[in-house]
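**Q** This is what each chain is made of:
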Amino acid sequence: MKILVKDGQILCPGDVMASGDDLKEFEGSYINGKELCASIVSKASIKEGNIRLIALKGAYLPYEGDYVIGKIIDVNAPNWYFVDINCPYEAGLNIREASNQYLDTERYGMTHYFNYGEIIFSKIQNVSDTMRIDLTMKENGLKKLTGGILTSINPNKFARLLGKDDSMINMIQEKTSTKIVVGMNGLVWISGKATDIKRAKEAIELIDLEGHIEGLTKKIEDMLKKGEKK
Amino acid sequence: MTAKKTEGKRLSYKTTGRFDKRKANEMRPIEMSIGLLPNCSGSARVKVGETIAIAGVYGPKKTRPKHEELKDKLLIRCYYDLVSFSVPDRARPGPSRRSTELGMVIKNALERSVFTEYYPRSMVEVFIEVVQADAGSRCASIIAASLALADAGIEMRDLMPAVACGKIDDLICVDLTKAEEDVHDGEGATDIPIAYLPSTDEITLLQLDGNISKEELGQALKMGIVACKEIHNQMKQTIINKYQKR
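Quick mapping for you: the protein sequence lines, in order, are chains A and B. In this text, residue positions in the first sequence follow my numbering: the first is -18, and each later residue adds one. In this text, residue positions in the second sequence follow my numbering: the first is 199, and each later residue adds one.
One thing to keep in mind: the hints can contain errors.
The calculated DMTMM-like cross-link candidates involving lysine to aspartate or glutamate, where the alpha carbons are at most 25 Å apart (straight line), are [unchecked claim]: (1) Lys24(A) <-> Glu229(B); (2) Lys259(B) <-> Asp65(A); (3) Lys440(B) <-> Glu78(A); (4) Lys269(B) <-> Asp189(A); (5) Lys271(B) <-> Glu6(A); (6) Lys(-13)(A) <-> Glu16(A); (7) Lys260(B) <-> Asp110(A); (8) Lys440(B) <-> Asp218(B); (9) Lys174(A) <-> Glu195(A); (10) Lys5(A) <-> Asp270(B); (11) Lys305(B) <-> Asp389(B); (12) Lys271(B) <-> Glu8(A); (13) Lys(-13)(A) <-> Glu428(B); (14) Lys271(B) <-> Glu45(A); (15) Lys52(A) <-> Asp399(B); (16) Lys269(B) <-> Glu8(A); (17) Lys264(B) <-> Asp115(A); (18) Lys(-17)(A) <-> Asp383(B); (19) Lys271(B) <-> Glu299(B); (20) Lys269(B) <-> Glu99(A); (21) Lys259(B) <-> Asp147(A); (22) Lys5(A) <-> Asp399(B); (23) Lys260(B) <-> Glu99(A); (24) Lys269(B) <-> Glu16(A); (25) Lys264(B) <-> Glu71(A); (26) Lys174(A) <-> Glu99(A); (27) Lys28(A) <-> Glu6(A); (28) Lys260(B) <-> Glu8(A); (29) Lys260(B) <-> Glu16(A); (30) Lys420(B) <-> Asp270(B); (31) Lys24(A) <-> Glu315(B); (32) Lys15(A) <-> Asp399(B); (33) Lys260(B) <-> Glu45(A).
Derived by calculation from the structure, the hints in this document are not laboratory data.
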């Protein structure tokens, strides 16, 4: 495989990234004859002779094992909660997967546990071929998120927002005294004082806007320091 | 308009050239920009000469109404609209036979460039507004829609350029203006809008209005494809400029 692009190069759909016989397709790419082409607006990252694409735009598509933030949109069906997880498909949360404890819906009703508009942090348990999504909350840390605000970022900037070993998100939480939960679907929940939430939100918006540019950690650090002085 | 006349004999357009002094294979100046509408998933503005088209894309999102949902692929809905003040005689607002037809041909062209199988049961809506029309509005619309889809982050085979090639009397040329389309001298004007997918070397839109011989059609298409490749490079540069600027 011969790589034809440089590290950090911006790619458009149809741009040829590599040519040769041993080509492997991955997310954001497709094989056209003996050429590996990009299928999405992205930034190329080349490490140890392997190409990886960092998508610059795009909607969230669900995968099994993803941790997502969702909003309850329907509790009408018996034993099922329907959840909007910021993607083109509705996700379903069965009452059996909603908690480790037994939930007596016959006695208390479905809305006793989760009601319309409530925010939950959950995990995708299964995604079928036709994009039927099942959620689960039977894991430590998965819970209902009460209070706070919900904001959204480009789902492709999720990793940039967390940073290496969660360094970026920890820094924002420390400097702004807020509690932040990030879903892999691009939804971010922030809780704290109103002024702190505002500062944290500004930092998150900057990451969303300039996530593909190097030296961002320093910029965010400076920005949060300025806010502290005020 | 008529070509220059000398001693009562009309000269051909091959001799007199085009009204705006362009070469036969020369396009009007093109300006493109993307991401100008913050409320859409993706957007683009394309100006080809005096023709301006703005496209906004929403999605991929849940299909509404649900009975139109495609189980195995993405549903693309395309709405083309001429703004009332876009043409010299006020255009009647709202959908018309022409806008419905153009919405369909643009959708068919775009469908070939998008990996529709990656987004089953969902839909994308493409809204195109032509705010100023001076011929070639469907081509400008396709360029804008393709850029807007790329800006929305939808997986595509390639960006899709489009251009109108054709004939004015006996002169084969690209990117006809309204004045050139209205020529009735000699053989009259022939307008052939094409959309082209460079990576697969496919023509995804081909319409023809007028008379043209088989040989001339071949020549016109070749000229159109060369023009499309030029537009394609400019489309790529527009995307690169947006992200490198920051």
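**Q** Please go over all the hints and tell whether each is borne out by the structure.
**A** Status of the hints after comparison with the structure:
Between Lys24(A) and Glu229(B), the direct Cα distance comes to roughly 24 Å. Compliance with the 25 Å bound is thereby established for this hinted pair. Between Lys259(B) and Asp65(A) the CA atoms are separated by roughly 11 Å; this keeps the pair inside 25 Å, and the hint holds. In summary, the hint linking Lys440(B) to Glu78(A) is not supported, as the alpha carbons are separated by about 44 Å, beyond the 25 Å threshold. For the hint linking Lys269(B) to Asp189(A), the alpha-carbon distance of about 33 Å lies beyond 25 Å, and the restraint is violated.
With a C-alpha separation of about 20 Å, the suggested pairing of Lys271(B) with Glu6(A) holds against the 25 Å cut-off. The straight-line distance between the Cα atoms of Lys(-13)(A) and Glu16(A) is roughly 16 Å, inside the 25 Å bound, and the hint therefore holds. Under the criterion of a C-alpha separation no larger than 25 Å, the hint pairing Lys260(B) with Asp110(A) is consistent with the structure, at around 16 Å. Proximity of Lys440(B) to Asp218(B) is assessed by CA-CA distance (about 32 Å); at most 25 Å being required, the pair is judged violated.
At most 25 Å may separate the alpha-carbon atoms for a hinted pair to count; Lys174(A) and Glu195(A) exceed this at roughly 30 Å. Restraint check for Lys5(A) and Asp270(B): the C-alpha separation of about 24 Å stays at or below 25 Å, so the hint holds. Proposed proximity of Lys305(B) and Asp389(B) is supported: the alpha carbons are some 20 Å apart, at most 25 Å. Our distance criterion of 25 Å between C-alpha atoms is met by Lys271(B) and Glu8(A), whose separation comes to about 18 Å.
Between Lys(-13)(A) and Glu428(B) the alpha-carbon distance is near 23 Å, which keeps this suggested pair within the 25 Å criterion. Between Lys271(B) and Glu45(A), the direct Cα distance comes to roughly 20 Å. Compliance with the 25 Å bound is thereby established for this hinted pair. Between the alpha carbons of Lys52(A) and Asp399(B) the distance comes to roughly 45 Å, so the proposed pair goes past 25 Å and is violated. Straight-line distance between C-alpha atoms of Lys269(B) and Glu8(A) comes to about 22 Å, which keeps the hinted pair within the 25 Å bound.
The straight-line distance between the Cα atoms of Lys264(B) and Asp115(A) is roughly 20 Å, inside the 25 Å bound, and the hint therefore holds. Among the hinted pairs, Lys(-17)(A) with Asp383(B) is inconsistent with the structure: their alpha-carbon atoms are about 55 Å apart, more than 25 Å. Our distance criterion of 25 Å between C-alpha atoms is met by Lys271(B) and Glu299(B), whose separation comes to about 22 Å. Pair hint Lys269(B) plus Glu99(A) does not hold up; C-alpha atoms about 30 Å apart against a cutoff of 25 Å.
Simply put, Lys259(B) and Asp147(A) have alpha-carbon atoms about 30 Å apart, too far for the 25 Å limit, and the pair is violated. With a CA separation close to 23 Å, the supplied pair Lys5(A) and Asp399(B) stays within the 25 Å bound. With a C-alpha separation of about 20 Å, the suggested pairing of Lys260(B) with Glu99(A) holds against the 25 Å cut-off. Straight-line distance between C-alpha atoms of Lys269(B) and Glu16(A) comes to about 30 Å, which puts the hinted pair past the 25 Å bound.
Our distance criterion of 25 Å between C-alpha atoms is met by Lys264(B) and Glu71(A), whose separation comes to about 13 Å. Restraint check for Lys174(A) and Glu99(A): the C-alpha separation of about 20 Å stays at or below 25 Å, so the hint holds. Straight-line distance between C-alpha atoms of Lys28(A) and Glu6(A) comes to about 17 Å, which keeps the hinted pair within the 25 Å bound. Between Lys260(B) and Glu8(A) the CA atoms are separated by roughly 22 Å; this keeps the pair inside 25 Å, and the hint holds.
Taking the CA atoms of Lys260(B) and Glu16(A), the gap is about 33 Å. The hint is violated against a cut of 25 Å. For the proposed pair Lys420(B) and Asp270(B), the alpha carbon gap of about 36 Å is over 25 Å, so the pair is violated. For the proposed pair Lys24(A) and Glu315(B), the alpha carbon gap of about 24 Å is at most 25 Å, so the pair holds. A distance of roughly 15 Å separates the Cα atoms of Lys15(A) and Asp399(B); the hinted pair therefore holds under the 25 Å criterion.
Restraint check for Lys260(B) and Glu45(A): satisfied, since their Cα atoms lie roughly 20 Å apart, inside the 25 Å limit.
Hint compliance for this structure: hints 3, 4, 8, 9, 15, 18, 20, 21, 24, 29 and 30 are broken, all remaining hints hold.
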